[in-house]
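Chemist: Those protein sequences? They're chains A and B, same order as listed. Count the first sequence with the numbering used here and you get residues 8 to 347, in order. Count the second sequence with the numbering used here and you get residues 29 to 295, in order.
Quick caveat, the hints were computed from the structure, so don't treat them as lab data. Take these hints with a grain of salt, some might be off.
[Stated by the list, open to error] Which stretches of chain B does chain A cover? Using the computed rule of at least three CB atoms under 8 Å from a CB of chain A, they are:
#1 43-50
#2 201-213
#3 246-253
[What the hints assert, rightly or not] Now the in silico label distances, taken between C-beta atoms and shown as ranges:
#4 B/253 x A/122: 19 to 25 Å
#5 B/279 x A/189: 34 to 40 Å
#6 B/51 x A/72: 54 to 60 Å
#7 A/325 x B/51: 33 to 39 Å
#8 B/275 x A/55: 27 to 33 Å
#9 B/53 x A/287: 56 to 62 Å
#10 B/145 x A/184: 31 to 37 Å
#11 B/186 x A/122: 27 to 33 Å
#12 B/38 x A/258: 56 to 62 Å
#13 B/81 x A/191: 36 to 42 Å
#14 B/253 x A/287: 28 to 34 Å
#15 B/253 x A/15: 43 to 49 Å
[As the list claims (entries may be wrong)] Facing chain B, a subset of chain A residues (Cβ under 7 Å, in silico):
#16 30
#17 38
#18 82
#19 93
#20 95
#21 99
#22 226
#23 227
#24 252
#25 286
#26 293
#27 301
Virtual Cβ for every residue (Gly too), placed ideally from N, Cα, C.
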Amino acid sequence: MSALRQAWRFLGRMGVASSLLFLLLLVALLAALIPQLPPSIARDPARLAAWLTAAQERWGPVMVILHRWGLLTVYRFPFLAGLLSVLALSTLSCTLSRWRAAWRRALRRAAPPVEFPLSLSPLPADRLRSALRERGYRVRTASGEGTTHLEADRYPLSELATLATHLAVLLLVAACGLSGWLGWQAEVTVRAGEAVPVGGGADLWVRNDSFAIVHSPDGSVADYRAEVALLGGEQEVARGRVRVNHPLRFRGMAVYLWGFQDWEGGMSVTLKVVRDPGAGLALAGGLLLLLGVTASAYLPHRRICARLEPERTLLAVRSSGRDDAAAAELEALVRELGEC
Amino acid sequence: MLTAVYVFLWASLLFYGLHLLAGRRWGAWGGAAGAAAAWLILTGELAVRGVAAGRWPLANRYEFGLCFLWALLGVYLLLEFATSERRWGGFGIAAALVVATMTLARPVEERAISPLTPALRSFWLPIHGLTAAIGYGACTLAGALALMELVRPGGERGAGWPPPERIEQGMGRAASLGFPWLTLSILTGGIWAEAAWGRYWGWDPKETWSLAVWLAYLLFFHLRAARGWRSCRLAGMLVAATALLLFGFAGFPALVRMVRLESLHGF
Ligand code: HEM
């Protein structure tokens, strides 16, 4: 039991997290520099063989070796799934070990500082309080035995920012898992006026009603438009225009315009039909991540504590995470108090 | 137009250089004036392009380069204003000159104002592009200050330079300010990719490179929070992250074309 606990603690250490992030960075660099097989090709043995032959002609036999090592499908790399899982566990361990303290700081219940690095001549509490309020701080005071203690906080909830970013990382890893396991996509080519089944176990057909290329006055292409309908059984369940950047969405599925071909008598369009149950979770994770990193960079929690004694005033500042401007703010405050 | 910006940037570099290396006080003012003039001209140029084209000036890598440069200079001027520190101006402006040169090196055809291809006509183009430009600008500035930390002479010869802790604070602040923008640009890229290609992430080379850059800056924050790594090694880490970023902007697309990797991204 204690060995398990030790392993769990070890996973949550910063050095471990940094090593994992470094490994993921290396995987990303590899995946960017080595051409990756599109999943639709990787799944289809016939297309895969054709792709590999073409790739071998282009880049030489090294492609076969890369394929054998799994480097052409890094996203399916068992190593990547493993790495992401360990990364998630590491983040979870770190978060669980830190959330209590962060929560206390966010609720402004952290213990006052023991050391005050700055000592000034005595200041009236009122002046300090109003100067801090002008800077957007919430101030609390307590007096006793000739000393006044003052605690001023700004953006205390930002203490939770790092928790939010790490929670977001968990959501994102979960989203990748969902998309990878339950996601599905297919490409279908449909001639004008005809309908084909979309596949993937869905009882749906897609019909190509028309396709048009719109030109701007200067002759360049302004738009590609396909009018398509989705049929469930005999009935039309959805209909709409599909353009580049504008898919047709229906019950967790989306239809994308993927290409078009001339065909005797008309145009056929290639549509991509996608079901991605991880997309919503990925969006939620992304937004939470953004919220967290923005709060920790732009709205750091700062706490300025003061001890007003009869013969001197002691000041200290502490801030959440990396806040390189906290000391500068304290200096500016001292300057302001000295001036007026 | 970019030539005028270029001239002002060189002048600014010269002034800031005199300020740092020869201790001339007026050098700082000259440097700031040159940088501000370059920024104003760029602002005008971008506005004129945008109005003439009837869209945001983010249609190709030349225009993106202009926005990148604009953001880098803007963030630099803000940082100088917020910290009243002018001695690191030379490094900030040198980074701006690198970006300006990369932008100038784009093929001349890209300078013409052209309509957007259907693939680029999206609500997300300006948001995705602009956030990337701001993130790139601030993060590149962080790299420039990190380089300053690395080359700062020790002992007597470094007397006129800002102290190492101050440079470290500056680079941390720039990276910190830039990071949420990088995050936002990857997020909006994902949303756009979902709308355009039916997946929010597809291991496309350009996408994957941007993830690598993001991870490199993230690694910097973690190493810094660990408190085990100080000044020089951290600065080296940031310089490496910035090299990845700049390669992603200028070198990587060329590499993609050279080895004929397939990328859905135009730039
Ligand atoms: C391995 C996967 C991990 C990922 C992807 C990750 C991601 C992040 C992100 C996005 C941030 C926000 C940076 C910002 O505030 O702008 C962050 C900060 C932070 N992370 Fe992690 N993290 C991971 C693991 C860990 C672990 C295991 C720990 C525990 C030791 C940890 C400790 C921290 C701390 C203390 C910060 C705040 C740093 C600062 O504000 O400078 N992280 N992390």
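Chemist: So which of the earlier hints does this model not fit?
Modeler: The structure conflicts with hints 1, 15, 16, 19, 20, 21 and 22, although it agrees with all the remaining ones.
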